[in-house]
Structures are given as C-alpha cells and as structure tokens.
Amino acid sequence: MSELYAWAAIALIVLASTTGDVLLSYSMKRVGDVGELWKRRGALAVIRRVLSTPTFPLGVAAMGVAFYSLLFGLSWGNLSLVVPASASLTFVANAVAARIFLHERVGRRRWIAALLVAGGVVLMAV
Amino acid sequence: MTFRKYLVLAGITVFSTAGDSLLARGMKDIGAVSLHHLPGLLLAILNPWVALGILFLLTFFTCYMSALSWADLTYVLPATSLAYVLVALVGHFRLHEVISPARWLGIALIAAGVGFVAAGPSLTPVRAHENSPESPNAVTQEVKL
Chain A
149 MSELYAWAAI ALIVLASTTG DVLLSYSMKR VGDVGELWKR RGALAVIRRV
199 LSTPTFPLGV AAMGVAFYSL LFGLSWGNLS LVVPASASLT FVANAVAARI
249 FLHERVGRRR WIAALLVAGG VVLMAV
Chain B
324 MTFRKYLVLA GITVFSTAGD SLLARGMKDI GAVSLHHLPG LLLAILNPWV
374 ALGILFLLTF FTCYMSALSW ADLTYVLPAT SLAYVLVALV GHFRLHEVIS
424 PARWLGIALI AAGVGFVAAG PSLTPVRAHE NSPESPNAVT QEVKL
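Chains A and B, in that order, are what the protein sequence lines are. Residue 176 in our numbering sits at position 28 of the first sequence; the count goes up by one each step and never skips. Residue 371 in our numbering sits at position 48 of the second sequence; the count goes up by one each step and never skips.
Think of the hints as simulated: they come from the structure by calculation, not from any bench. One thing to keep in mind: the hints can contain errors.
As the list claims (entries may be wrong) - Derived EDC-like pairs: lysine to aspartate or glutamate, alpha-carbon spacing no greater than 20 Å straight-line:
1) B:K328 / A:E184
2) B:K351 / A:E184
3) B:K351 / B:E420
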C-alpha cells in the first residue's frame, strides 16, 4: 500500500516539477546570463530582474507543489527509490516539454541520454 | 564553458544531494505522514534536519537558476543528474537502505546518460532569447564543450 502512495507522490512530483522547470527555464532565458548582468549592473539588478519576470513566481509555485509532494513521498518510500525515480522521469518529461514549449533543439545525443536515464529509472523501480 | 560555470553545475549536484539526504533523515524522525493529517507536513519544517535540508536546497536553487540563465534545460538536467547516483549512495551508506543489483545497473545507465549529454553543446540557438534585449550576446554565444 505504501508503494502505491510512493508512486502517486512520484507522479505528482513529475507533473509539478516539469511545469516548474519549463517556467523557470523560460524566465531565466528572458533574464539572460546572470553572470554577465551581475558584472555590468550588480547583484541587486539581477535579483530585481529575476523577480520582475512574471513567469518566475509561477515556476516557484509549481516547484513548491513538487517539494511538498517530495516530502510526502519520502515519508512513504525509500530515498533511493523516490528521489531517483521522480527526478529521472522528470528529466524525460522535460526533454519533451523543452522541445515543445522552449523550442530547444533536442538532438540525437540528448535523446540517447534521455533513453539511458529512462532505462535506469525502470531498473531502479524493479 | 568557463571554470566558473562548471563550479555552478557541481554546486547543483552537491547541494541537491545534501539537501535531499537531510530531508530524508528528518522525515525518518517524523515517520509516515497520514493522508488525514496533512498539516503535519507543514510542521515538518520545524525538524532541524528538514530545516537544514531546505537551506541546502535554497543554495541549490540559486545555482540552478544561474545555470538556466546560460544553458538549455535539456543540458542542465542531465549534466547534473549524477546527483541521483550520489543520493542512492548516500541512502545506501548513511541511511542503510538496501540497493539491489538491478538498482545498481540503473545507477550505471543514468551515469552513462550524464556522460552522453555532457559531451555535447550546452546551449542550442533558441527563439527564447528574442525577448532578452539587454543580453544580445546570448544569441550568438553558442557554447561548445
């Protein structure tokens, strides 16, 4: 029974953190290289710029949901199942989402990496 | 890719592993959370292990946001997924969780995936940069490893 709860938590983590990752990546690409911005304008400008990007708080909220799902999952399942399973599945979901929503070029190299990690997840769930 | 950028990627790996492990340690104290007592999850923050874990995860988040500002999401995630391997090893050696041979093989596959993506370019030309008038460099800055 607690296995089932652990997998339900994993599914929720994957959904919430993929949404969060895409929103945050989109926000940070709009902000631009924070290292460059820091050098030219200082730390305060970086913080103000990040916080004023409208998609940033939405991404943080989605990450908050993922975080509490993780706490829930960790109280039911083993650390070495819940964390790798949810994070790796999130990675595969992200490869698809990044291609669709962020227009990233997910080349052959990145797909092979996605399949290797996905295979790893299946084995870790055995 | 500069040395500073590799440090940020390493920071993501280390701080997320340390943060997750501290959270797990704290949740072991608290025990299984009942579906009928969800407010118990909010009180979990009062546990010192959980609090320290959150501090580490905040540091991880700062490194992560920095990396996303100059690299693709599909590069950052796998490049830092050695954290999953680290987390399993911490679970095994510190929290005494059992790792089966199949799980060890899974860990090896994930590690291979990391190697594959890390050897490729970190930023592909993307349309997302159009909305970034103050960083014209970002468009032409296709970083090769």
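* To do: State the violated hints by number, sorted upward, taking the hints as numbered earlier in the document.
  => When the structure is compared with the hints, only number 2 turns out to be violated.
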